[in-house]
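A.B. asks: The listed protein sequences derive, respectively, from chains A and B. Using the numbering used here, read the first sequence as starting at 1 and increasing by one per residue. Using the numbering used here, read the second sequence as starting at 1001 and increasing by one per residue.
Hint data in this document are derived by calculation from the structure and do not stem from the laboratory. The C-beta atom is built at its ideal place from N, Cα and C for all residues, glycine as well. Treat the hints with caution; some may be incorrect.
Unchecked claim - Calculated cross-link-like contacts (lysine to aspartate or glutamate; reagent style DMTMM-like; alpha-carbon spacing at most 20 Å):
1. A:250 - A:170
2. B:1033 - B:1185
3. B:1033 - B:1285
4. A:148 - B:1262
5. A:125 - B:1285
6. A:229 - A:217
7. A:199 - A:211
8. A:124 - A:214
9. A:302 - B:1118
10. A:125 - A:211
11. A:124 - B:1285
12. A:124 - A:211
As the list claims (entries may be wrong) - Now the in silico label distances, taken between C-beta atoms and shown as ranges:
13. B:1116 - A:220: 53 to 61 Å
14. A:121 - B:1170: 32 to 40 Å
15. B:1116 - A:204: 50 to 58 Å
16. A:312 - B:1057: 32 to 40 Å
17. A:308 - B:1134: 52 to 60 Å
18. A:308 - B:1124: 32 to 40 Å
19. A:204 - B:1170: 37 to 45 Å
20. A:181 - B:1124: 54 to 62 Å
21. B:1285 - A:299: 44 to 52 Å
22. B:1132 - A:126: 44 to 52 Å
23. A:126 - B:1143: 39 to 47 Å
24. A:16 - B:1121: 56 to 64 Å
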Amino acid sequence: MRETIMKLFDHKKSKRNVSVVFFLVLLILPVLIRLVCDNSQQNYFLNIFIMCFYWAALTSSWNLVAGYLGIFSMAHQVFFGIGAYATAMFGLYAGTSPWLGFLIGGVCAALVSVIIAVPCLRLKKAPYIIIATMVLAEIVRLVFTNLKTWTRGSSGFWQIRSYENISGIDFSGMDKIPYYYLILLIFAVIVGACAYIVKSPTGLAMEAIRESQEAAEAIGVNIARTKIKVFVVSAFMAGVVGAFYAHYMKILTPDAMFGQNLMTEFIAMSLFGGTGIISGPIFGAFFITILMESLKSLANYKLFIYAGILILVMIFLPGGVLNSKSEFTSGTNKLKKRFNRKSGKAVGTK
Amino acid sequence: MTNFLQNLINGLVAGSYYAVLGMGLTIIWGVLKIINVAHGDFYMLGAYMLYTFLTMVGVPVIPAVMIAVLVAAVLAMILERAILTPALTRDSMGNSPFVITLGMSILLQNFVQLIYGERYKSVPYFNDAIIKFLGVTLAAQRIIVVIVAFLAMFAAMLFIRKTRFGWAISATSQNTFAATLMGIDTKKIYMYTFGLAAGMTALSGGLLAPIYGINPWMGASIQLKSFVVCVIGGFGNIGGSIVAGLLLGLIESFAVQYIGTDWQNVLAYSLLILMFWFKPNGLFEKKGH
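Chain B extracted, bound-state conformation (with noise of 0.2 Å):
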């Protein structure tokens, strides 16, 4: 029993952030219509701002995470717009915004890796304490990463379903083109869900660094479960990823003590080909479509 509440909670923590991961890169994929390789890496970006700030700058936790969340949001507005939106605006894209994106992930990693060199670091926990109940222990900082995810969740959903921008977002992301005659600027409309989707990434980075440490390469098996996530959730579909990074976190968990560790991202990747194999529309597809 103490087992299972173990892995529950275990698997709820990783699943939640997995959740937040996967909705950046299917808001991204909704809008865009790319695949965004760079996504990973700005997750390991938000981990080393965060380091840098916290533990560097030695500014408090609270605006510690908010700084690092804005750098990464603003830098990712930057690259778009100068990188990726040449390629965007062309007519026949094909696959060159995604080499853009490999690109800007290869940049990312190595500059990374320039300044702060490519050994482990380790940055301190937000918060000590170690609650245990029902014969659980649990470290405070895993509870403060759950439910920051979940704000975090409810706060861009919000923003999506309930303000005028996010009104925006939506109909670029139904049709673009309808959009621009609507008068929407959908060069700007791309260029801010792509801060969005990197500062929510970012988010998640700065929370688990504590938890997992960190280092340059860090994003890569991040990006690959962001794909299992969007894939299972359906791409585009924002509550599908929600649940289906929820769904990845408990079945990791429980998995993990038959397999172990060096066959948990195997079994993660496995369940995207399963996917593609049997439900490449992911599991909430909806009728009709």
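The shape of chain A in the complex, shown without the other chains (with noise of 0.2 Å):
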């Protein structure tokens, strides 16, 4: 029992075959999808699947800041709100296309990151960090709100373009094939530029700062200079799907994309998959979003659902589920002790 579930968790052998497999059965989904279901079923089971690779999108960068970097930050949803508002209003006011909203959104987002890392730079303590982020991102959905004759205020923009057909593939949505391969690019594009990061010397520089700044900084780190880094690229990340979310969606309102809400959503995924891991944010993105999904007669108790993930997890599994290890090792190990226990005593009695 303990050996096959180490072996779950000791996969860093086949680390590299488990993400291959992972990102071809992706790949091949819509034909499985399409083989056994009709054509609205077909479109149901793909919205699930372009939801879970926007949210693992999403949770990935945050996971760059907050699990590799240790800034908990607060303010991602702002990125991604950006990021879908940027190219929403280019493209109402300017009349840019929706393809070019990807760099549109990405690079507002990213310059936004800059305004709201500046200040954090010069916070050491964590609780400081959560704060001024909190309040950041407050900052910037009351400016959403109020400048009502840009934005529109609380009603927020709707009926946004469709991607352009290009080369004869129909992005009307009639159809959602299309944008499941689109996000799917953009999710797998994402969580390689993660892993590439992570591994790279600025990731090595980024665990340091995570375990101890002052450490980090007498070794040589520049802990500015990687913060703002790992911000500016974690922010254009979100943006880019941000971008993705406004034209797939086609309705923005300020409290839905920026929100506190939306942050309690990514922070669920999150910490219940594990952060600090590649792996861990994607696993928690899945799995919270196909349940959310699956307890759609709940939905009225939804965020009933955050609380208390966050809750138990917290309590529990303060590493998330893929960090935890040792935590499941010992459970089983209790487990097996009860039950001798109880079995001994039954044979005791007899």
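With the hints as a guide, bring both chains together as one complex.
C.D. replies: Listed below in structure tokens is the structure:
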């Protein structure tokens, strides 16, 4: 029993194989779905996976800042929202193509991230960073709500354009397969970039900063530069996903895009899977998105479920599911002991 | 002149409850060493409990306020013991207590929304009298708010400075390990501190409910305002947070006529960012620290 569980976690050797298989399955998934489902069912299932992809891409980008760099940013939804608003507003006022929106959204989010990162750089205590990012996110939400002439206030944007068709591929939204492959590509690139950054010298510097800023400084890590760099890259990723979201969902409001609820969902997904590893947030995003979708009849209690997940994970598995090898093994040991004792007692009474 | 007086009084009214809220948050920070994001939701809970007992059950005002505060404080203590203590007593607690208070906050908001619905509700004024002097009109409710807020702050200060239990709280906030060695049950201190802070917050929620109306999400902006007060006053500095609360109330009430109510909160939150930028340890930083 113990060995099999240990094996499940010990995928260091087969790590690459696992991720290759994972992406191959996702690549052929629409074909499989088409084989077994009719058209409306197919769109329903594809929609769930599209949601999984953009959530996983977002949690992965947050993981860079929170899990590897150790800055528990509560403002990540802002970058997502800025990306979405930027492409929608440029499309409306300047008539730019939604395809260009990926770049516009990413760059705008990266610019805003500098504004948010600079005040946070001076703060060394973790709680101060949480407070500062929470408040900055709220300032952005209020600004977008109050500047009614440009952002249409709290009613936001709706009926945002779809992507233009490219060489005969239909992006009108009737068929979700093009969107599926588009977001799968974005997701794969973001996860690949995260894995690359983490293994690069910057990634080592990030982990050094997370463990101890003083020690990292002493061994010659440029703390300010590393922090800004990671913040900007992570925000760019979130902005690109936001740009996709704007043209996929076609409706944006400041409360939905910049509100604290969105951040809570990020946190629940990432912490459930486990931060500080690449697979953790992806696992969390897929698991929770699919869980929520299968509990759709309980939609009114959605936030209760999130709150329950947050609290239970923090009490019992503070490292997240994929980081809790020792908790699981000690848990099975305890169960085994209890089982042995019980069976022993049963024997004794006989 | 009249305008100035009116602003001054409005600022003091708002400031007095900012002070109470900031004081609660700062006590929790000082003792438990965590930031509590469920603080604003105990404010909301206090308002809803008052609504329940005053309007739905029909208890007279003073007992209704007392019951509301008591219910909120006891619930806070139960929640603290049930879900926060396991994370607080762990060796490396990291961000988990913060995340648990976040979960607690969502739980409270949605619980209240489920029971009472998400529509605005109004609570009747405790006293309908309107007082006029020097051309300033003032509802008696606002005077009640100020008086009770100052009484509550005075009582809390007295409790912390003069009682054995208060000394235990101070000792725990200075050095948890040493406090444990002196035979102080720190878990118990954590629980009562959380309850005390939640009770104070619930009190201000109850008193302000007739003025602002209530809805399940009213705690969110209060939460961030409490942060602003704590940061201006310096985290863990009780006296500082009282002065900072009054200061914030006055700044808001004088600024609001120039920038409008839409931007009032943006101003308050920007103050926090400025504080972090220039004086991250608060306006009243003790020298030699």
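A.B. asks: Check each numbered hint against the structure and report the violated ones by number, ascending.
C.D. replies: Violated: none.
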